[in-house]
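Asks: The residues making up each chain are set out below.
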Amino acid sequence: MSTTSPRSPIHRRVDDLAQHQRAPLRFDPLLALAALGLVACSLLVLADATRDDVPGSPHYFLYRQAAYAVVGLVLMVLISRFDYSRLRELRYGLYTSMIGLILLVIAVGSTTRGSRRSFTLPFFSFQPSELGKLLLIVALASFVVDRARRLRDRDTTARVMLAALVPAALVMLQPDLGTGLVYVVVGLAVLFVAGTSWRHFTALGALAVVAILFTLVAAPAAGVQVLKPYQVQRLTGFISPSSDPRDQTYQLNQSRIAIGSGEKTGRGPEKATQTRLNFLPEHHTDFIFAVVGESFGFLGAAVVLSLYALLIWRGLRVLTMAKNLFGALIAGGIVAMLMFQVFINVGMTIGIAPITGIPLPLMSYGGSSVIVTFLSLGLLQAIYAQGREASARKPRAAAGLA
Amino acid sequence: MLQLQEDRRPPITPQLALRVAVLGGVALALFAIVFFRLWYLQVLSGDKYLAQANDNRVRDITVPAPRGDIVDRNGNVLVDNRVSIAVQIEVQKLPPAGPRRADLYRRLGQVIRLSPAKIAREVDEQHKALPYANVAVKQDVPPAVFDYLFERQNEFPGVTVERVFLRRYPHKELAAQLFGTVGQISPDELKLQRFKGVQQGTVVGQGGLEWSYDRWLRGTPGATRVQVDALGRPKGELAVREPVQGRQLKLSLDLDLQKAGQEAMAEAGGIPITNGVQNRGGAFVAMDPRNGEVLAMGSYPSFDPNVFAKPLKESTYKKLNSVENGAPLVDRAIDGLYPTGSTMKAITSVASLQSGVITPDTPINDPGSIQIGNIVFKNAGGTAHGTISLRTALQVSSDVFFYTMGARLNSVPGQPLQTWARRLGLGRTTGIDLPGETDGLVPSPAWRDRLYRKKLTDRPWSIGDNVNFAVGQGDLQATPIQMATAYSTIAADGRVPTPHIGLHIEDAAGRLLQEVDPPPSRHVKIGEANRQAILDGLHLAASAPGGTSADVFAGFPATVMGKTGTAERPGQGDQSWYVCYAYQGDHQRPIVVAVTIEQGGFGAQAAAPAARLILSQWFGAAKKLVVGQSATR
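Line by line, the protein sequences give chains P and D.
If you're matching positions, the first sequence starts at 1 in this note's numbering and goes up one per residue.
If you're matching positions, the second sequence starts at 1 in this note's numbering and goes up one per residue.
Accuracy of the hints is not assured; some may be wrong.
Not the full set, but computed from the structure, chain D residues with beta-carbon under 8 Å of chain P [stated by the list, open to error]:
1. R19
2. Y49
3. Q52
4. A230
5. L231
To be clear, the hints were calculated from the coordinates, so they are not data collected in a lab.
Ideal placement from N, C-alpha and C gives every residue a C-beta, glycine not left out.
Just chain P, same shape as in the assembly (with noise of 0.2 Å):
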């Protein structure tokens, strides 16, 4: 291991010069990268879908998501430098607070189409199952490093898998299927990482199989509705989506239409008429990729999707870099949760995948989503400098091991 020979005062400064010249970040840049072109983007893909959206005032939206995205990245740069490790101590209150902000927003949010997901806030609308990803992340984080040795145990991952689902299932109940289903992906996806054998995500898998079976067969048919009728018609119309182009499947339509007519260059934010006459709903949240695809082509799609890329191997690369176990398993639940938001959206609009409901991280407006997110890539950030610094002081060790 480490060498700790006595040495010259010379020799010390040489030392403390190199490790000066070879670790003057105390950030992953391509990450920070990711995250700013991404936020520059949904800022400029905003700026000309939301023009008409808010009578008298075209900039409503792109000023807010602005200012969001300064919360959130003042809120990055405190997390990165915050040692995420003490985190553990606090995981019973974080996974107590997130519970009960989730019961509290079924028992007095606002209710929006529908479901209540958020609490109005005077400048701002918070919704408590964002960041309840994140608190899940960690808690789930703290929890398996606390039965480290018994990982292999049935048992461990029946915990684990238990604690996601709880607030999986109170937040399907606001009902927000989509993020519901992210919680179940990061418990799924801290597991993994954590090394639970193959045989338990069988086992998972098929549970999941007869759970999916159960509510959308057999309830129905023994007469009990356990999704509403748009919820099931929203998860399969992706599947047959021309059946009936006025209804669920019309979001569907409209935003496979906007993409499509976007053609190789895109028909310029002007003349993206899809987005600007509003056939496209909700085009500047959940189907806010439809937009880049309309105004910018499969080009701006590529970009878009390159920096999703360059965030996930980053992501991925912080998850191998991290000092333990606890941030190893963070990583691992952020790029999960991540990826699975950006694969489902994206899917979502090209119809691929069922509508859900899942902003597309940094580029959909709003304020819950993006400051999580970057409170997210915050912790991403922690945990890899923090990796570099403890890698720097026992330098290479664990590369021979490997």
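Dock chain D against the given chain P, drawing on the hints supplied.
Replies: This is chain D only, laid out in the frame that chain P set:
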């Protein structure tokens, strides 16, 4: 740092490396799927979706074309258009009946100042009448209302505001029955060959001249291509194709003669006669015998066709068709079926002479009555005219003379009376350029015997039927236009003209594009001596002492050859007829006029005076109502 032992781990284990690799692999696969899908959507099928996107936003709004004007032979406007802003309702797009529809009616009512109940009633009534057409709730709304509703189409589902062209009839009642109505094309009409290429919602002629000449009058609608948003709100024009007005239709009608005819009908129809009936229904036709150009044609009573600007309400329609109001919608000139009285005698004369039953000079004794079979037929008033020939018989309208003809013609093979009646235009449509013409009835042995076999009448054909037919009584049913055509044929040397009201199709500047000049329906051969004898007789009737209408035309500055008629109609007063041929000088301005006035009494009492008024206008004579004294049929 506070860290537990478990938390300290080798930075990366092979297992973790594998799992990270799996995550990365999954991400890679998903990115690949997304890229391929995007490539498929945007590059491979991009043009298809671009077309769909344009379909979404582009709406073609049809701009109706104004219909062509209708003018008289001198270019006086009889029918033109005015622009009106109409608030219409598309019933299919209304919210379902219930509170939402009631709320819509309430809000709409506030905008156009109508009570919600009235709107609901209009919608119900008009939708029942024309289920495929938009309901016109209100017309002639101010432009501000147009702007208000046009910009708030999503707040008023099913409500449209449109600039529409409404037909305007500056002369109101004048020739009202001829023009017919216009209205949105019906789904059934859309399938017809004559409406080929017409778009749904186009206003087309639904009757009268508007129907007959629709092809030319209709015009070509324009289109405005607008961009709309997802709620259907217009967001700017993309392209405009101007509508093209329909062609102008010039009629053979003479406005002044038409006016004179309608005034004559009112004046003569209002003459107090013993039976006390006033404002009798009737009709007149004035025609150029040479070519069938209808110079004036009218039915009395008339109505103001401006009521058709809005879809007719059931109640208005009933009023216009009710017998108490004289059924003004009915065009009696082509649709009124009557026995013709003694005006038939000219036709009987042709049959008698051409079949050789008599010559123009064959003497026939008229002792005032005649027994045929076991029935005694009498002259009106029982007057005895002594031994007379055809000319005198027409002059004094001897019934016995023509009873004799009827009896003799009955036994001639080939039924010359029926044959000639049909040749001259009775019992068949004249082919006038108006829809809805009826053919009437020429009574014949075959017809009555068939009815008898079916037990629809109490007796078979008998000689008495022919006797009655010879003097225009009994079962004969003819229209004024048929009588005008028959007299024209006699006047025009056997050429049976096809009556027509349309004269020219013109462009807006009045330049001739196409002539409406139907050829004569057929030619019939009437011996010149025979024809001259009949015309002489008719001339004597209108000019010589003892002629049935001589006193009506005393001192009239034109040659008039006319026959009075008094048709007996069961259950009501006698119907007054007059049909004449007249010209000035050496056959200048020839004209045939047929007038009939229901319950007008003797021919000389109402119809002949009306004909005189019409001829006065035509020949520039002083218009004076001269009621004749002749009490013959």
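Asks: Any hints this thing doesn't respect? Which numbers, in order?
Replies: Hint check: nothing fails, all pass.
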